[in-house]
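So the chains spell out like this:
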Amino acid sequence: MFSGFMMSAWIVASIVAVVAGVVGFFVVVRGSAFAAHALPQSAFTGAAAASLIGISAVYGMGAFALASALGIAWLGKRGRHDVVTALILVMLLGLGELFLSYSVEYAQAIYSLLFGEVLGVSTNEILPTALLAVAAILAVAVMYRPLMLTSILPEVGESRGVRAYRMEVLFLVILALATTASVPVVGALLMFSLMVGPPAASRCFTDNPPIAIALSVALALLTVWASLAIAYERNLPVGFLVGTISAAIYIVGRVWAAWRQRRVGRRRPLGARVDSDLVGAAGT
Amino acid sequence: MIDLAANIVFEPGFFSNSPVQSALVAGGAVALMAGVVGVFTVVRGQSFAGHSFADMDTTGGSAAFLLGIGALWGFLAVSVAAAAAMELLGVERRRGRDVTTGVVLGAALGLAALFLYWDTTASSTTGAATTILFGSLFTISPSTVPAIVGFSVAALAAVLVLYRPLLFSSLSADMARARGVPVRLVSAVFMFLMALAVALSAITVGAILSTALLIGPAATALRLTKRPGAAMWAAAGIGLVGVWLGILFAYDSSAWPGHHGWPVSFSVVAVIFVFYLAADLLTSVRAKWDRLRQDRLAKGE
Numbered sequence: 000m001f002s003g004f005m006m007s008a009w010i011v012a013s014i015v016a017v018v019a020g021v022v023g024f025f026v027v028v029r030g031s032a033f034a035a036h037a038l039p040q041s042a043f044t045g046a047a048a049a050s051l052i053g054i055s056a057v058y059g060m061g062a063f064a065l066a067s068a069l070g071i072a073w074l075g076k077r078g079r080h081d082v083v084t085a086l087i088l089v090m091l092l093g094l095g096e097l098f099l100s101y102s103v104e105y106a107q108a109i110y111s112l113l114f115g116e117v118l119g120v121s122t123n124e125i126l127p128t129a130l131l132a133v134a135a136i137l138a139v140a141v142m143y144r145p146l147m148l149t150s151i152l153p154e155v156g157e158s159r160g161v162r163a164y165r166m167e168v169l170f171l172v173i174l175a176l177a178t179t180a181s182v183p184v185v186g187a188l189l190m191f192s193l194m195v196g197p198p199a200a201s202r203c204f205t206d207n208p209p210i211a212i213a214l215s216v217a218l219a220l221l222t223v224w225a226s227l228a229i230a231y232e233r234n235l236p237v238g239f240l241v242g243t244i245s246a247a248i249y250i251v252g253r254v255w256a257a258w259r260q261r262r263v264g265r266r267r268p269l270g271a272r273v274d275s276d277l278v279g280a281a282g283t
Numbered sequence: 000m001i002d003l004a005a006n007i008v009f010e011p012g013f014f015s016n017s018p019v020q021s022a023l024v025a026g027g028a029v030a031l032m033a034g035v036v037g038v039f040t041v042v043r044g045q046s047f048a049g050h051s052f053a054d055m056d057t058t059g060g061s062a063a064f065l066l067g068i069g070a071l072w073g074f075l076a077v078s079v080a081a082a083a084a085m086e087l088l089g090v091e092r093r094r095g096r097d098v099t100t101g102v103v104l105g106a107a108l109g110l111a112a113l114f115l116y117w118d119t120t121a122s123s124t125t126g127a128a129t130t131i132l133f134g135s136l137f138t139i140s141p142s143t144v145p146a147i148v149g150f151s152v153a154a155l156a157a158v159l160v161l162y163r164p165l166l167f168s169s170l171s172a173d174m175a176r177a178r179g180v181p182v183r184l185v186s187a188v189f190m191f192l193m194a195l196a197v198a199l200s201a202i203t204v205g206a207i208l209s210t211a212l213l214i215g216p217a218a219t220a221l222r223l224t225k226r227p228g229a230a231m232w233a234a235a236g237i238g239l240v241g242v243w244l245g246i247l248f249a250y251d252s253s254a255w256p257g258h259h260g261w262p263v264s265f266s267v268v269a270v271i272f273v274f275y276l277a278a279d280l281l282t283s284v285r286a287k288w289d290r291l292r293q294d295r296l297a298k299g300e
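Residue numbers (numbering that gives the first Met the number 0), protein chains in the order written: chain A, 0 to 283; chain B, 0 to 300.
The reader is advised that the hints may include incorrect statements.
As the list claims (entries may be wrong) - Simulated DEER-style distance windows between Cβ atoms:
no., chain 1, residue 1, chain 2, residue 2, range
1, B, R226, A, Y231, 55 to 63 angstroms
2, B, A229, A, Y231, 54 to 62 angstroms
3, A, A228, B, D173, 44 to 52 angstroms
4, A, A247, B, R292, 56 to 64 angstroms
5, B, K287, A, Y231, 57 to 65 angstroms
6, A, A163, B, L184, 33 to 41 angstroms
7, A, S102, B, R178, 55 to 63 angstroms
8, B, K287, A, L51, 32 to 40 angstroms
9, B, A76, A, W255, 28 to 36 angstroms
10, B, A177, A, L51, 54 to 62 angstroms
Worth flagging that the hints you see were computed from the coordinates, not collected in a lab.
Predicted, not measured: the structure shown is a model, and the values here were computed from it.
The beta carbon of each residue, even a glycine, is placed where N, CA and C say it ideally should be.
The following block holds chain B by itself, in its conformation from the complex (with noise of 0.2 angstroms):
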């Protein structure tokens, strides 16, 4: 009976396959992580900046094509490259911050269409721009796991040394200047962070979904709590849920009626969407609630 029920939901080799197994573990590694690095970026209002990396990895990805060295050092050195334009270009009021992101942004896009076309002229794989776009959990080779599990606590590492002047200068960084703490330096510091995360989570979801893992179980877990330590442990979980859900969906998907597998970033992505749409109704209707009953109190009922 138990078997029944576990093979209705986990379709028959799901645990034994083996680009399943490496998918659970770097997914696994890169949600954690993006989730922790992922709450300081929403709250520190950094989205855009942290998606353009995933798309500047167009730009790694065809570049590291184009020279023949692996993928993850070409997402790798565009990222850290980005991420000190932006610095230098960058001004601290957000505004202003967004249209430099966006200007770095372009210039890096424009720099991937020639790639992709010399990609393309040079070895006519047109797959090169969907494959670096969209990646797949499944492709992954299970020798270039090692290193994204490693890359991943190094990055968790870092900002666990960096919790309190990180999150002081997140929350108010005029207090945290008067403090003494660096925030300039703290700022630059956790740019270069925001460039690995994302850089290792375009790998296992493709360089635009990326942005999923980043943003979205942070901002489902900064609906749920204001605590800024329970939201790390809160997105770094419902990061692994949604990775795992996401790829037994995927998984599973192949076998039921239609026998079209749904594409696993496409899955991922959706599961993380729903958790959010769930919370964002969550929070609204408690807030309705929280409304209601106070009339009532303060109507003496």
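Just chain A, same shape as in the assembly (with noise of 0.2 angstroms):
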């Protein structure tokens, strides 16, 4: 299970995991999951126009998942959040297709782009994922603060001047790199659930910022290792165990909030206390 083709899998699918459970606390907490669902879609784009033209398919990804990151940005600046997110990946996969009609490209070959084929990552795909992670993670490390202000309480962050709209950009942009690091690998669909599911479920575990963020990716990192394991055992696909166990997980962690929550009393679950009393206080 630890020998040849595997031992490549194993180390992508880890760092692929880590930077999903951080970003992901991100996404989670900033309400961008539509977001997160759109920029993966753009790598598959990217790739399309990369084989269209001859280039290396990550060039191809890291364009499109940059383009629309600042598409989003920019749209969003007038209209509602979530059209604008719509319009876009709407756009994104129109493009796409059109791509896809001019190639050759197989079938498989977007199966693969949407699902991911972790099993078939070679060891010179691990350098540039590598690379890619390293700078999402530094990113979101540098910006911690200010990314946390804007997340949970906009309005206080706005009037320490910071400014939301400049860290909604720089984070979409964090975003698309994280992207482009992941899907070849988990694929666009899947490295979505990585970055919502385990995320999620750890807000209802704790409320401190740092602890649910190291357990978002102890969780994240639990997924892609039982996912590995039992494709490998079981011969399924990766995409269907991360997308299942991701959601198990978040489900454990919802029964986990409203059993404490009933123990306790008539407290609300914890995950629901973080944003709605620290906005409710920013509010008033």
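Quick one: dock chain against chain with the hints and give me the complex.
This is how it looks when you write it as structure tokens:
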């Protein structure tokens, strides 16, 4: 299970899990799950475009992820954020379809971009993934305080001179970085479930941000490790396992929060308390 | 002369071509319905949920493919099941709802990965993934057109019946609750309606691109007018024009230099996106103009 090609799968999948755990925490806190769903799919368009002009897929993915992050931020200034995200996503996929119709890519290649091909990772894919992952995590570490402030208390952030719009753009760019690093490995559709399930679950267990981030990384690692092991043993698609295990972890988190709420009395679940109380306090 | 002009706009055979006819009728019906439902989707801030039903149709389509039943039934079953799951897990706060939608979507996509994996190994049809994801208006079989039109009319009728309580609870849930509107029930019914609407458009433009018909025309209409009633009519009209123009471009494009036809889904989405950008530009220019005029008035010129 740990020999040869499986070794690179374990390494790359662990890197992806760490990135998803850290970036995903902010995705959940900021309520930008939709953007986290849309940006990874730009990889699909990027890869199709790259194969059309004959450059490496990573450049295409990076370019399109960045372009759609900036597009969402720019159009989102005036329109509703979710609407703009939907439109950018749809336009990206439409373009992807157009590019594909010009090229001779096989359906199998699309399947692996959407659903991932972690078992087929080669050793020379480790380095670019690791570099992009380090960049994304470093960016989060550097911007930790302002990012946190605009995520939970936008009004307070604004009054202290943190520009919410600028942070939003930067956060979307980080998301784009994390995406480019991970999509070839876990696939566009399932990178997203890794960025939402484990972080959302971690917030059911604790409302202390640093602990929640650590827990979210741990849960994401647990998810990919379990998925890889089961995929190897039972010959099932990794994407299926990542998707269902993330959802299962989230449900365990919700049940735990509900159970504790009942035991403690009429207190609201911890996960819900973090933002509603703080935002409520900031609003009044 | 008129014939010549018509021939330039409509490549020969446009109206007599039977795939085009099916596409015009089915696409038009879905666009009308999706436009109206979409206005509520946008006003209620449920674009993500609306889009995720489209993605989950990959699950429905691949499951139907695996079981050998019609794709329509697979789409419908999965959409309704997902709507129920989101309502059950859902919290009323918008942020929480976002995460719940994401988790349900993630799980459904995981299942899709499994079904597609089985599909491809069982019958070695590697094209399954692409067909379900992108679909094509030109491959609708004429026999499903009446079903699509019927479902569209039913969904439209349901929205019209629910119009007042739905609008009231979408604009101000608290006030609606105070007036005795069963907000939770209305929200659940709307969720099912939206699932139905998306399942339908997924058949015409493909699972993922159906989001375009739900969100695009409605968002465009709401940029142009703030009145919900007017926005509903405008969205239906914009959707209809968008789909028909898209079909026309896709059909004509094969005769343009290069001899490479555009995929019809791309063509429809591109038209709708351009409509939105135009409306966005128009509103911001109008707002700037108004501000300028007010400044002048204030200065007493």
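Checked hints:
1. Look at B/R226 against A/Y231: about 58 angstroms separates their beta carbons, and that is inside 55 to 63 angstroms.
2. Between B/A229 and A/Y231 the CB atoms are about 58 angstroms apart, so this pair conforms to the stated range of 54 to 62 angstroms.
3. A hinted range of 44 to 52 angstroms for the beta carbons of A/A228 and B/D173 is consistent with their spacing of about 49 angstroms.
4. At roughly 59 angstroms, the beta carbons of A/A247 and B/R292 sit within the given window of 56 to 64 angstroms.
5. Checked against the hint of 57 to 65 angstroms, the C-beta distance between B/K287 and A/Y231 comes to roughly 60 angstroms, which is consistent with it.
6. For A/A163 and B/L184, the hinted distance range of 33 to 41 angstroms is satisfied, since their beta carbons lie about 36 angstroms from each other.
7. Checking the proposed 55 to 63 angstroms range against A/S102 and B/R178 shows it holds: the Cβ atoms sit about 57 angstroms from each other.
8. Separated by about 39 angstroms at the C-beta atoms, B/K287 and A/L51 satisfy the suggested range of 32 to 40 angstroms.
9. Checked against the hint of 28 to 36 angstroms, the pair B/A76 and A/W255 passes, with Cβ atoms roughly 31 angstroms apart.
10. In this structure, B/A177 and A/L51 meet the distance hint of 54 to 62 angstroms, their C-beta atoms being roughly 57 angstroms apart.
Every hint, counting from the list given before, is met by this structure.
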